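Residue numbers (our numbering), protein chains in the order written: chain A, 1 to 264; chain B, 1 to 269.
Just so you know, these hints were derived from the structure itself, not from any lab.
Bear in mind that the values here come from a model prediction, so they are computed numbers and not experimental data.
A few of these clues could be false.
[Stated by the list, open to error] Only pairs whose alpha carbons sit at most 27 Å apart, straight line, appear in this in silico BS3-like list of lysine-lysine:
{"#": "1", "chain 1": "B", "residue 1": "Lys86", "chain 2": "B", "residue 2": "Lys229"}
{"#": "2", "chain 1": "B", "residue 1": "Lys262", "chain 2": "B", "residue 2": "Lys66"}
{"#": "3", "chain 1": "B", "residue 1": "Lys125", "chain 2": "B", "residue 2": "Lys86"}
{"#": "4", "chain 1": "B", "residue 1": "Lys262", "chain 2": "A", "residue 2": "Lys202"}
{"#": "5", "chain 1": "B", "residue 1": "Lys125", "chain 2": "B", "residue 2": "Lys16"}
{"#": "6", "chain 1": "B", "residue 1": "Lys208", "chain 2": "B", "residue 2": "Lys229"}
{"#": "7", "chain 1": "B", "residue 1": "Lys208", "chain 2": "A", "residue 2": "Lys62"}
{"#": "8", "chain 1": "A", "residue 1": "Lys62", "chain 2": "B", "residue 2": "Lys66"}
{"#": "9", "chain 1": "B", "residue 1": "Lys125", "chain 2": "A", "residue 2": "Lys175"}
{"#": "10", "chain 1": "B", "residue 1": "Lys86", "chain 2": "B", "residue 2": "Lys16"}
{"#": "11", "chain 1": "A", "residue 1": "Lys258", "chain 2": "A", "residue 2": "Lys3"}
{"#": "12", "chain 1": "A", "residue 1": "Lys258", "chain 2": "A", "residue 2": "Lys175"}
[Said to hold, decoys possible] Restraint-style ranges between C-beta atoms, simulated for each label pair:
{"#": "13", "chain 1": "A", "residue 1": "Ile246", "chain 2": "B", "residue 2": "Arg32", "range": "29 to 39 Å"}
{"#": "14", "chain 1": "B", "residue 1": "Leu135", "chain 2": "A", "residue 2": "Leu237", "range": "25 to 35 Å"}
{"#": "15", "chain 1": "B", "residue 1": "Trp183", "chain 2": "A", "residue 2": "Asn2", "range": "38 to 48 Å"}
{"#": "16", "chain 1": "A", "residue 1": "Leu244", "chain 2": "B", "residue 2": "Leu135", "range": "30 to 40 Å"}
{"#": "17", "chain 1": "B", "residue 1": "Gln22", "chain 2": "A", "residue 2": "Asp184", "range": "26 to 36 Å"}
{"#": "18", "chain 1": "B", "residue 1": "Gly230", "chain 2": "A", "residue 2": "Arg16", "range": "50 to 60 Å"}
{"#": "19", "chain 1": "B", "residue 1": "Gln23", "chain 2": "A", "residue 2": "Leu237", "range": "48 to 58 Å"}
[Unchecked claim] Stretches of chain A that chain B covers, calculated by requiring three or more beta carbons in the stretch to come under 8 Å of a beta carbon on chain B:
{"#": "20", "stretch": "52 to 62"}
{"#": "21", "stretch": "168 to 179"}
All C-beta atoms in this analysis are idealised placements derived from N, C-alpha and C, irrespective of residue type, glycine included.
Spelled out, the chains give:
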Amino acid sequence: MNKFKRYLSIFYILSRNSLSRDISFRFSFFMSIFGGFCYVALNFFIIFFLTQRVSLFGWTQKEMFVLLGSFYILTYAMFLFFWRGFINLIRGIRDGTFDYYLTRPVDSQFLISAVGGGIHNLLALIFGIFVVFYGVNLLQINLSLFQIIAWAFAIIVSVVACYSYVLLLITLNFKYGYIEEVLDLGFSFQNASKYPLDAFTKLPIYLLLFTLPFSALTTIPTHILIDTIFPTQMFVLFIGGSILFIILVRLIWLRSLKSYTSSS
Amino acid sequence: MGMPIWMYNEYVFENKYLVLFQQNSHDFLAYRVRLVVNIINQFMAPLVIMLVLTNLIGNSINGMTKSQIVNYYLSTSILYLFLNSKIDSYIKEAIQQGEISTYLIRPINFWLVALVKDISARVIKLMLGLPILVLLILIFSMSFPTLSPDMLVSLLMIPIALLLAFSISFCVGALAFWFEEVWGFQNLKEVAILLLSGVVLPYTFFPKILQRILTFTPFPYLINWPLHKGFSGNIAFEFSMAILWLVLLLGISAFMWKAGTKRYCAAGG
Chain A
1 MNKFKRYLSI
11 FYILSRNSLS
21 RDISFRFSFF
31 MSIFGGFCYV
41 ALNFFIIFFL
51 TQRVSLFGWT
61 QKEMFVLLGS
71 FYILTYAMFL
81 FFWRGFINLI
91 RGIRDGTFDY
101 YLTRPVDSQF
111 LISAVGGGIH
121 NLLALIFGIF
131 VVFYGVNLLQ
141 INLSLFQIIA
151 WAFAIIVSVV
161 ACYSYVLLLI
171 TLNFKYGYIE
181 EVLDLGFSFQ
191 NASKYPLDAF
201 TKLPIYLLLF
211 TLPFSALTTI
221 PTHILIDTIF
231 PTQMFVLFIG
241 GSILFIILVR
251 LIWLRSLKSY
261 TSSS
Chain B
1 MGMPIWMYNE
11 YVFENKYLVL
21 FQQNSHDFLA
31 YRVRLVVNII
41 NQFMAPLVIM
51 LVLTNLIGNS
61 INGMTKSQIV
71 NYYLSTSILY
81 LFLNSKIDSY
91 IKEAIQQGEI
101 STYLIRPINF
111 WLVALVKDIS
121 ARVIKLMLGL
131 PILVLLILIF
141 SMSFPTLSPD
151 MLVSLLMIPI
161 ALLLAFSISF
171 CVGALAFWFE
181 EVWGFQNLKE
191 VAILLLSGVV
201 LPYTFFPKIL
211 QRILTFTPFP
221 YLINWPLHKG
231 FSGNIAFEFS
241 MAILWLVLLL
251 GISAFMWKAG
261 TKRYCAAGG
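So here's chain B without its partners, still in its complex pose (with noise of 0.2 Å):
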């Protein structure tokens, strides 16, 4: 027996960040034509260079076929879009404008608050993302991908990754808390998780010293590490890295909120 749908409304409507998710949902749904906007931006970075790849003459670019590129960017595409976080520009508009203040005399956890508020972005993003990639793979004649015990795998990697991405934007906006403008460290984070986290170029593009370099820092592990399991040859080494910067970055941004709360001062002290 099933709880009573009484029971369950009461639990769902008790439960403020589960509130705060149907809230933030409805906040992004509001502006429909902008979302939409939004979403094809992000599709843009990885789609040209699809296109310019895809163009080339030969039938194998850097030992990949043309359909594995199209591939390729084609997941890409879509996992960016979901495990992208952007809350940084919230977290710093948070802290430069007092919004937190709000949440520091409440019974309520910001970095929880912070964590909600992306989720919700990025489920909302995936839905509207999805037609967009299906109409892709149509354009793109690809085949749909079939469902395999590996995926099991990968969707593992997914929360941790989506946790991984949303520390080190955590971080970044948390930098608020010290510098006026962080807007030239949130291009930094940008550049770097699309550069070397191989939204823009596949690994196999880099050098050899560089692409083993790359393992030891979390960029890997960011967004396209669901599809690529094994890239540096051993899963159980890339699990130890993603957990172990997850750890380390969950603990810096704890560490970022505590210190940086101390030196806040909101208008009116």
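Chain A extracted, bound-state conformation (with noise of 0.2 Å):
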């Protein structure tokens, strides 16, 4: 109990660091805020004009508009809670300064995780909640507090998944040198997780590998809000594969530090 209470100690200091590190320069701070936000209205675009002209896979405009907010969500959460760790770590890898992370009385992916990624974040996160509980309600749906609390365990599954899927992807680095463009390799796979589960069944395994995972990420959630029975199976599944699919990360984090080498 007490390694928890020092663990959340570091996390709130870490995080009030950067916030007041974000908050410092007002400009670029307004400027993130837009930066972030063209990107909300593109995927908003790609979808409102696909939902005028065709039926993505029987999902109704009402029902992408729920999952475009989960995939708001999703995508926001990476980036104000990880974005900003997982560029120190592949800049650590390259020049050696990761030597900071390995020599503190902390465990390293904590501490590299914590660094946070960008309160800028925050107001497109919340825009994909709003999104999410505006599509429900063009729905009419009448969610229960079960619903709600199942919803948002899915999506806090599917963040700490998704950063798993990145962190995988830097681990990379420790093998083949500097590759920060992986970053943006995952940030592309994810783009996958704002179409349905169904785009994506009938392609070959070696394509499924790389765009079913991400779309479960945000379709199971949005399951769970617009399904009139609750998808127990699916459910269950989906937690219980991306628990053991974070636990696999872990354990290969662990074993890529060995190949770790500094500066020298």
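Fit the two chains together into the complex; they arrive one by one in their own frames, and the hints show the way.
Here it is, written out as structure tokens:
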């Protein structure tokens, strides 16, 4: 329990530092909000134009709004909590400053993950929550408290699973040297999550690996909100699969640390 | 009789921009895994939506057959790789970190330096992107494009598109003379190109009025134009608009550079 408290206080201090750094340059802060919302607009228009012209695997435009909202939440939660840590990690592996994380008496994965990512993403994340409930309202669904809690839990699991995917890609830096672009690649794969799972089910297996898991991260939480019957089997499989994946990435991370050679 | 080899070598090595081109190409090729990941990354946005559209039920999607959709997105991917300019990141960093000071005191034109850097990056990306494209053509069982007289017109469009994309990118990067952070503008540029140049969605998905308005903007002439020439129904109009925008953007970039260098203050004054 003491250990948990200690980690919580470290997380609080790091988040506070990150926040004060973000808002100290006000113009940059507003520009960052604007930059973030450019991609919010892009994804909105893609889904809007698509659903105006074609039926997306039986998903109505209103249902797609709920899915899009979940996509915004997933994306901007990633940016809000982890992005800066990921960048620091990649640069640290290259120039040897990753030593700083390894020599601290705190778990290195926790330390790089708790650095934060940019408070400007909070607004887009809140907008995502608004889009989800706007879609639910358009669909005239009366949500139960259980549905809301299950949805929130599924979204949290999705964020952690997505974080693990990106971390897995970053571990390539330990083996192959400086590849900053893996971050953008992770973000590109994650773009598959704005489409429903049904969009990828007919793909060959080698393409499924890159698209299906990402799509599941938003489709399953959306099903929890829009289905009349709670998708129990899907929910259990999703949570179980994600937890297994998160554990696997943790093991890969620990193994990858052995390949780190420091700057010298 | 051709030029003797020693004269040729002398000519090549005396031309500073050609040397710069060679240097930049070597720099890009130094980090090969990075480059390949970068190229795969640029293929991703159009490819994901292509997979979605080709999995839709029915043979015709918004007036396009599935093979037309695959054809559209594969060609768009390679054109996007070659014609989309990322020079704004370099210009921004050169201004913020003071690298442009070294160009300002030398008898060298920074605009040309940036252009050479941009072209060398695009050529390398194209060279490494072509095998990926061939692989995708084979995966999706598409036929390889055949040469036609029509292609000559497309070849004329490529330099215009290339310079248009460069000018826009140059202007965005040069905003760093006035603003501490231009990341927001860079995102705006990238999103506008992805959406309005038809990279993520063909124009047939847009409302008719928007399609009409877009013909008066530079976006249709940036990426897809060489493949979809005549989209407005009048190819002469398209050439006029593209050249008009090119002249305008070159003028704006020259003005921004002139005004920006007057404001510029490197470390140490």
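| So which of those numbered hints doesn't the model satisfy? | Numbers 2 and 4, in rising order.
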